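In order, the protein sequences belong to chains A and B.
Heads up: the first sequence begins at 1 in the working numbering, then just goes up one per residue.
Heads up: the second sequence begins at 1001 in the working numbering, then just goes up one per residue.
Derived by calculation from the structure, the hints in this document are not laboratory data.
It should be emphasised that the depicted structure is a prediction, and the values quoted were computed from it without experimental measurement.
By construction, the Cβ of each residue, glycine as well, lies at the ideal position given by its N, Cα and C atoms.
There's no promise every hint is true.
[Claimed, not checked] For each label pair, taking beta carbons as the anchor points, the in silico distance ranges come out as:
id : chain 1 : residue 1 : chain 2 : residue 2 : range
1  : A       : K450      : B       : F1341     : 12 to 22 Å
2  : A       : Q19       : B       : N1325     : 24 to 34 Å
3  : A       : R131      : B       : F1341     : 49 to 59 Å
4  : A       : K605      : B       : P1160     : 47 to 57 Å
5  : A       : Y528      : B       : F1341     : 26 to 36 Å
6  : B       : P1160     : A       : I523      : 31 to 41 Å
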Amino acid sequence: MKVTYNWLKEFVDIKMPAQELADRLTMSGLEVKSVEEKAGDFVFEIEITSNRPDWLSVIGVAREVAALTGKKTKTGQMKSVKIETGCADKFGIEIEDRNDCPFYTARVIRNVKAGPSPEWLRARLESLGVRSVNNVVDITNYVLFETGEPLHAFDLDKLSGREIVVRRASKGEKLVTIDGQERELSPDILVIADKKKTVAIAGVMGGKDTEVTENTRNVLLEAAIFEPVLIRRGRQKLGMTSDAAYRFERGIDPAGPAAASLRAAKLIGELCAGDLSCAASSGVSRMNVAKVCLTAAGIKRSLGVEIPQARVNNILAGLGFEIKGKKKGCLQVKVPSWRLDVKEEVDLIEEISRIYGFENIPSTLAKVGLKNQETAAQDHISQSKDILSGLGLNEVVTYSLIDRKSLDGFWEGDDSLIAVCNPLSIEQEVMRPVLMPSLVRCVSHNLKQKQEYVNIFEIARVYRLDGKRIQEEYRLGICLCGSKLVWFDKGRVQDEAGFLHLKGAVETLLKRLNVLGQDLRFIARGAYAFRVFAGDVDIGSLCRLDRKRLDRMEIKNKEVFGAEIDLPKVFSLISPAKKFSALPKFPFAVRDISMILAEALPAEKIIKAILAQGRDLIKEAEVVDRYKGKPIDPGYKGLTISCRYASDDRTLTEAEIAPVHEAVISRLKEEFGARLR
Amino acid sequence: MDIDSVKTALEQDIGSAGSAEALEELRLKYLGRKGLIPQLTSTIPGLPVQERGSFGKQVNELKNRIMALLEEKQISLGQPAGQAQTSGVDISLPGICQGLGRRHPLTLIVTEICDMFKKMGFAVVEGPEIESEYNNFTGLNIPMEHPSREAFDTFYLSVPAGSEGKYLLRSQTSTVQVRAMKGSKPPLAIIAPGRVFRPDAVDASHSFMFNQIEGLMVDEGITFADLKGALEFFAKGIFGQGIKMRFRPHFFPFTEPSAEVDISCIICKGKGCSVCGRKGWLEILGSGMVHPNVFKNVGYDPDKYTGFAFGMGVERIAMLKYGINDIRLFFENDLRFLKQF
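Full structure from sequences and hints, please.
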């Protein structure tokens, strides 16, 4: 909202420069966004919070300035004005439902000379960014910005009959509004009508047919109060905004219509030579008569500071509150008509704290009794992120919303998808049930930026509907693509990402999280995927993306590998206990077995057989070399497994080791057809 | 050749060596592959078994002595120790190491902020992103039909409404306030990070998804002064002890009094620049004393308890702290961006 420095000065004495005033207003809750010098005046652009419609006017801001500077406002002529009644030129007012429109005034002004506005009026409106129309319309706008009460002027001679009707629109009814648009109305929209037709959308905008033009001779001036929610819904439905609606939907000072109507009528008399005729009103402008109880203890309790009674009284008086004595330790505070927001003690405390100044409240550190918190998912997540980044993966954050089409090939079961009812774009169609499409998109973006190796992970929630239950669970996604350079002292190798990299990451994560029953199994599901089991629990999957999906993501000539791990399941397997095992007291001996095996034989089977055969003597067996290609025949592979012989109670001798090792080798030959190299 | 004659020769040679080159020559003469020491060692297998041990020990002692003398001489010649051995290594080549990955900058900021509040005794909690209308609005004293709701435009979801109204994507982490208070009695001090969603068109400073951190402290006797203290501790911890802060009155439906908190611009130190819009101040969060209506909604006695709450945008803090000028960078995940943190 805009006000100007000079305009404010008409209602309150201001001694400080414009910028200083702007800073004072900002620090009292009217945030001045900008101060612009314009034709000898300063235009303040102020952000008014939605709880303070009374600040949506020059007078409203002037009141605040007065309270801040200890001055009095000069709003004498605005004080509660009675609508003068009992003259012959009276208009009838019929209000269909008093809930929709508690109060309506209609003032007849005859013999106006409509025409261009005087320069000062034109300039002032233009400084607020409002276009000058003609003197009568400009005056209604001027009074709106000055008092915050919206007015509307009808060309009296274009109204049929001598009665205004405030009613709901009928279905399908149409009205061309002042902006030239035809609006289709409905019964949830409040309108102003005469005996024959609808002439305005109440509180939002007038009709084109009855607007005041340069030919207008007689004017009917409307000032009213409409039900805020009704005005808001109506203008939202019509997709309209207006300065009037903005104020009506936030709430109008009940004392406003009468005063503003009179102020406008006087200006019309001065500037347009109109004859102040008489006014009619209908309904009751309900004043806020409530008194709110305020206690010194209440102030201290909320703010943590004691404010002297005299200062409190002073602040409240400055803001227009009246103190009506004390009752049971309770200051009886009468709320001014324009403060629709003040209903209870805390509302008064806020006012006191604002003017007293937050900067005058001390800073203290409170302590609350600590509660023992269980280790939350957050802690495990944080730990997981550390482990994964330690493995060289980079964390990404991608959108939780996604388009349906991206899910093709990643998700089946449209029924379980949770859709967004009001997306701004197709990319926000549904809540994602899987992470992979977002991660692959991220890979695609990075490949386009000429990255050779993309290694990323995300920990975020996925969403789906399980019957009627909403499932929202943490998921880990990992995506690998391309090859990285691995350096060693003599040179480097290209390390191409593959399934085993995914496996390594998942395995390490689970190991480091101390997941019990760690026996991790990877069960093939077709040529492109594996399911991952920790013990009997299915915790997720590994996959290599097929060409179809890669093409869709515009990834060419590259393989992409992804893993999705169900984190709640993993976290539920975490054992908080970590047990130390004693360091071996006796040295171990190593015996390697280099063999040639059928290519399809999994290494895991060989190791299991070695450990089984080695019984208590072989503590560990691990793959230390693997090879395919010449001189090994196609369909075979070379595998070297290192066996570690040890005992807990003695140093093993060659005589003990040799027969066991021989037995192991024989078993490998018999069971797997292994040939020693 | 025996040990003693080598020893004697050594004393002489070392004494007369006057340059680095001469020293290197000596190193080769004694320790080189075909030097005197390897020659001595090679005689060991020819010795009687009982002599081998003591002879080997003597050779080793001699070898150590030679190395020590060479190093001493080298230092006295003004060369740093070890250079002779490292010649041939270009130490200016990149070091070899395992490439570590990075945490996302938003994770870094969330962690940093949460840690700051943990020091003050706050516990980290979470709430769902899919929320009921009640927890997102009504419970927080935001009436259904009110202009204040306009600041909280919301994504609604295709899930049948439940007992707490329609389902939506939370537009603020304040929902966790309602959940935390419904779930436990005071005293309460929580900090709740998480994703929030608002149907905003995406540009350099807007995103339809972003992250917030909500904080809440409730007990008997908690005051606005405590709010100021906690937030000053936090802001100075994150942005540095040298910053100035100001609390500006504002309006939020769920707190009263409410304050927006500004810090002196960390770029221009308050002089005014493009980042702070020439104001010298940067808004970093919203805060206030919990509204009595919110207490009533969760079944707390507003005459007994008071509390403060605050909420901040993580992206905004990260942008200020790292000097990032486009919010979209956080969600684009360009590795060249991520690897800077």
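Hint check results:
no. : hint                         : verdict
1   : K450/A / F1341/B: 12 to 22 Å : holds (21 Å)
2   : Q19/A / N1325/B: 24 to 34 Å  : holds (28 Å)
3   : R131/A / F1341/B: 49 to 59 Å : holds (50 Å)
4   : K605/A / P1160/B: 47 to 57 Å : holds (51 Å)
5   : Y528/A / F1341/B: 26 to 36 Å : holds (34 Å)
6   : P1160/B / I523/A: 31 to 41 Å : holds (37 Å)
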